[in-house]
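**Student:** Residue strings, one per chain:
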Amino acid sequence: MDKTWDCPAAAVADIPDGASVMIGGFGGSGAPIELIHALIDRGPRDLTVINNNAGNGRIGIAAMIDAGMVRKIICSFPKSKDPRAFTAAYLAGRIELELVPQGTLAERIRAGGAGIPAFYTPTSFGTELAAGKPTAEFDGRGYVQERWLKADYALVKAETADRHGNLVYRKAGRNFGPLMCMAAAATVVQATRIVEPGAIDPEHVVTPGLFVDRVVAVPDARQEEDLNIEGAVYA
Amino acid sequence: MDKTWDCPAAAVADIPDGASVMIGGFGGSGAPIELIHALIDRGPRDLTVINNNAGNGRIGIAAMIDAGMVRKIICSFPKSKDPRAFTAAYLAGRIELELVPQGTLAERIRAGGAGIPAFYTPTSFGTELAAGKPTAEFDGRGYVQERWLKADYALVKAETADRHGNLVYRKAGRNFGPLMCMAAAATVVQATRIVEPGAIDPEHVVTPGLFVDRVVAVPDARQEEDLNIEGAVYA
Amino acid sequence: MSDIANIKLSNAQIAWRAAQDIEDGSYVNLGIGFPEMVARYQVAGRKAIYHTENGILDFGPAPAPGQEDWDLINAGKKAVTLNPGAAFFHHADSFAMVRGGHLDVAILGAFEVAENGDLANWSVGKDGVPAVGGAMDLVHGAKRVAVITDHVTKTGAPKLVERCSLPLTGVGCVTRVYTSLAVVDIEGGRFVLREKLAAISLGDLQAVTGATLNLDGPVADLIVPEL
Amino acid sequence: MSDIANIKLSNAQIAWRAAQDIEDGSYVNLGIGFPEMVARYQVAGRKAIYHTENGILDFGPAPAPGQEDWDLINAGKKAVTLNPGAAFFHHADSFAMVRGGHLDVAILGAFEVAENGDLANWSVGKDGVPAVGGAMDLVHGAKRVAVITDHVTKTGAPKLVERCSLPLTGVGCVTRVYTSLAVVDIEGGRFVLREKLAAISLGDLQAVTGATLNLDGPVADLIVPEL
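Residue numbers (my numbering), protein chains in the order written: chain U, 972 to 1206; chain V, 972 to 1206; chain H, 31 to 257; chain C, 31 to 257.
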């Protein structure tokens, strides 16, 4: 029961062409940059990426798009300070976009992790984002039926992990991480610190280890926004 | 923005006849005994109680039933070491029972708090507890549609609360508490300790204060199981 | 009509006016961009707790330049600080707060608001990259959904209309609109004028509004400080 | 047939046999009552992490008498302890683990198990107080749902049957049954006998089983230590 892996490269080495990959983060907060870059190093193609956004600058998910690895993005907000990678690919028809309201995206991922195949939400009712989806009325109000969202892999950034995969996050870097850990067949976590089981107070665990498959230490993890301010480029 | 109330009696004083009341706890762990007893002191009638169980011994929910305050119980497991209060009332036809599988009960309460009017679950599919409920097939498997569950009030026990209502719990006393806080129109929390805002680490908050309306300090709170071992009787 | 540009409220003044209606103890979500400005004008002596979709309750203003922690940002991805009593949570819990009706008020920007309460604020049509974020969730859930907006577009077209022409964010969700010229409620499928700048006549205001402004009692002067 | 009472495994021995199939690194839920006994026979050198519905992962055995903390209990409301690496969580997260397929195995008791995998273990019918707890959730979710049970009821009636007569807990959910006489898999709507006590003949075993015991390869001797 030791889920630690040696390095990001090893932890993402089996992600094949065509995989669906949830990637934690909201903008730069919680973005698992080192795992993403390890994945680009390998370069599987035809990926479906699930993230709140669609990349910023020339690192992370933007660099995945630039590398031509991404067939489809499921996200709520494919805009950023420097969205050129996604924008160019999208406008050229090289990438498919499934636009999902942010709360619906979060709830679909949670549903995937919680064994709830479908649920009803008021969000998007009566809008074009509900087109083609079943609707129903409850207590006189209209709702849209949304389906769960699962993935083959999740790449998530945590602050501290123990060897059993229990996780705590850092500030608003938590965002989609706990949900994606639940919803992927294989969850890969980069943690700034890996500790022995018992070192995280059981009351403070945010993601119980049962949702986590692989943990890799990245003690010098960089923050995506900091990298973008520096003008970093994946290479 | 100070949600503290003086005493349990004041905090439950407006719960009227006919109210629906979620009560936290799994067996004795997390049972808000002092709030329940303050409610019995007042004695509103015709209540619908939502709890995992249906009382144990002659205190807490069992004493509510003995006092004739409970018209209906929504629960998963109305049995306990000393279930005489519920058993007698149920077999005499004095109390209505809505039996809900435990995970469905938890998810229905969460759904109530999260604005999800209905969801599908595999739980109870093909059993008599699914009788009369809509069913649907997703990806070749049968599911039951379940509705959200809300309440007029929630009575919850926490370990520490701050004046804004942020909560942390104690061990497995957490159970339904965080869900019920979300799903009730008015949430009343008894906390062993009330602290100033900022005293709970923002990373450790389990229930954010937005879900909590009233906080009352019960520094000498008793554990239901301990009371039952002592043979305590509400009086 | 050329007066409007001279008399209209600044964005700061619109934000100030919206802030006056935020009651003590309110939980508030401010849409990204212009609505974020409302927090600057929080009424002294009242405590509002701000929620951001990305998982913080009770965040405070931006830190001093150079002090940014980019893991501590709001939905607009701007660096923020924490107030005592803040909490972090994940995205599903965050939108449970939104969708579950736990916010007292959400204040959003708008491309168009219709007299039936429909709001369009996420897409200008088919071109470019669409992005919705949390807007469609916010319009369903907050107990009160208010809009702050210029009264007309940059080209002078009405933003308060009979029916939205742009893709909807939500159906029948807006209850009050704070514009650069007026405060307008939406009640029973109609615009009801509550306040207007003294400097504009009712006729001139109606002329730059795309649907009937109904009256229901006296119309107060919209009075806002210099900011 | 009167031999059965003499040769059959004790509950402890059935639990021991079930424990042998729990692989290293498994997440396991043990139903309340008899199934809790499986944890005692965890195979040395293998780590199993036990989940309890009321919100603990990686709890350990009961504390010494007098050391009970009644806020630290399992689903059977018995006092437990924590192992290093334990975590607390609320009920919705707990059942997300169950329903979401995150448990490797759930081991439950049974009134009846049918050859189609149906399980009845929560209600003996219309009389008395019904109680379901987490059983209906557990049977949908765990990757493997196993049953431990006496092979027959106290009155000698078969518990392995063609179709359940009691109210169902779940449809087609059980994949293996550990009984006091045998280990039986459920595959393709049939019971397949994998192991039986050497002391009972196939014919005698079939005689106390309510549905056909199919053979698919050799039947091993069910060998269990004295406990």
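Read the hints as simulated data drawn from the structure, not as lab findings.
Remember, it's a predicted structure, so these values are computed and weren't measured experimentally.
Heads up, a few of these hints could be off.
With a cut-off of at most 30 Å between alpha-carbon atoms, the simulated DSS-like pairs for lysine-lysine come out as follows [as the list claims (entries may be wrong)]: (1) H:184 to U:1043; (2) U:1121 to C:173; (3) V:1121 to C:77; (4) U:1050 to H:184; (5) U:1104 to H:184; (6) H:156 to U:1050; (7) C:156 to V:1104; (8) C:173 to V:1043.
What follows is a list of derived Cβ distance ranges for each label pair [claimed, not checked]: (9) H:232 to V:1107: 34 to 42 Å; (10) V:1099 to H:246: 49 to 57 Å; (11) V:1038 to C:219: 33 to 41 Å; (12) H:246 to U:989: 55 to 63 Å; (13) U:1105 to V:1012: 44 to 52 Å; (14) U:1102 to H:74: 42 to 50 Å; (15) C:257 to V:985: 53 to 61 Å; (16) H:94 to U:1052: 16 to 24 Å; (17) C:91 to V:1038: 35 to 43 Å; (18) U:1063 to H:231: 46 to 54 Å; (19) C:157 to V:985: 35 to 43 Å; (20) H:155 to V:1110: 31 to 39 Å; (21) V:1042 to C:41: 40 to 48 Å.
In this text, a Cβ means the ideal position worked out from N, Cα and C, and glycines have one as well.
**Student:** Each hint should be assessed against the structure and marked as holding or not.
**Tutor:** Status of each hint after checking the structure:
1. H:184 to U:1043: Since the Cα atoms of residue 184 (chain H) and residue 1043 (chain U) sit roughly 35 Å apart, the hinted pair is violated (cutoff 30 Å).
2. U:1121 to C:173: Holds: residue 1121 (chain U) and residue 173 (chain C) sit about 17 Å apart, inside 30 Å.
3. V:1121 to C:77: violated (40 Å)
4. U:1050 to H:184: Answer holds: residue 1050 (chain U) to residue 184 (chain H) is near 23 Å, not above 30 Å.
5. U:1104 to H:184: violated (36 Å)
6. H:156 to U:1050: holds (16 Å)
7. C:156 to V:1104: holds (20 Å)
8. C:173 to V:1043: violated (36 Å)
9. H:232 to V:1107: 34 to 42 Å: Violated, at about 54 Å.
10. V:1099 to H:246: 49 to 57 Å: Holds: the Cβ-Cβ distance is about 55 Å, inside 49 to 57 Å.
11. V:1038 to C:219: 33 to 41 Å: violated (52 Å)
12. H:246 to U:989: 55 to 63 Å: Given a distance of about 60 Å, which is inside 55 to 63 Å, the answer is holds.
13. U:1105 to V:1012: 44 to 52 Å: With Cβ atoms ~49 Å apart, the hint holds.
14. U:1102 to H:74: 42 to 50 Å: At roughly 47 Å between Cβ atoms, residue 74 (chain H) and residue 1102 (chain U) fall inside 42 to 50 Å, so the hint holds.
15. C:257 to V:985: 53 to 61 Å: holds (58 Å)
16. H:94 to U:1052: 16 to 24 Å: Distance hint for residue 94 (chain H), residue 1052 (chain U) holds at roughly 21 Å.
17. C:91 to V:1038: 35 to 43 Å: Distance hint for residue 91 (chain C), residue 1038 (chain V) holds at roughly 39 Å.
18. U:1063 to H:231: 46 to 54 Å: holds (52 Å)
19. C:157 to V:985: 35 to 43 Å: With Cβ atoms ~40 Å apart, the hint holds.
20. H:155 to V:1110: 31 to 39 Å: Holds, at about 35 Å.
21. V:1042 to C:41: 40 to 48 Å: holds (41 Å)
Hints 1, 3, 5, 8, 9, 11 from the earlier list are contradicted by this structure; the remaining hints agree with it.
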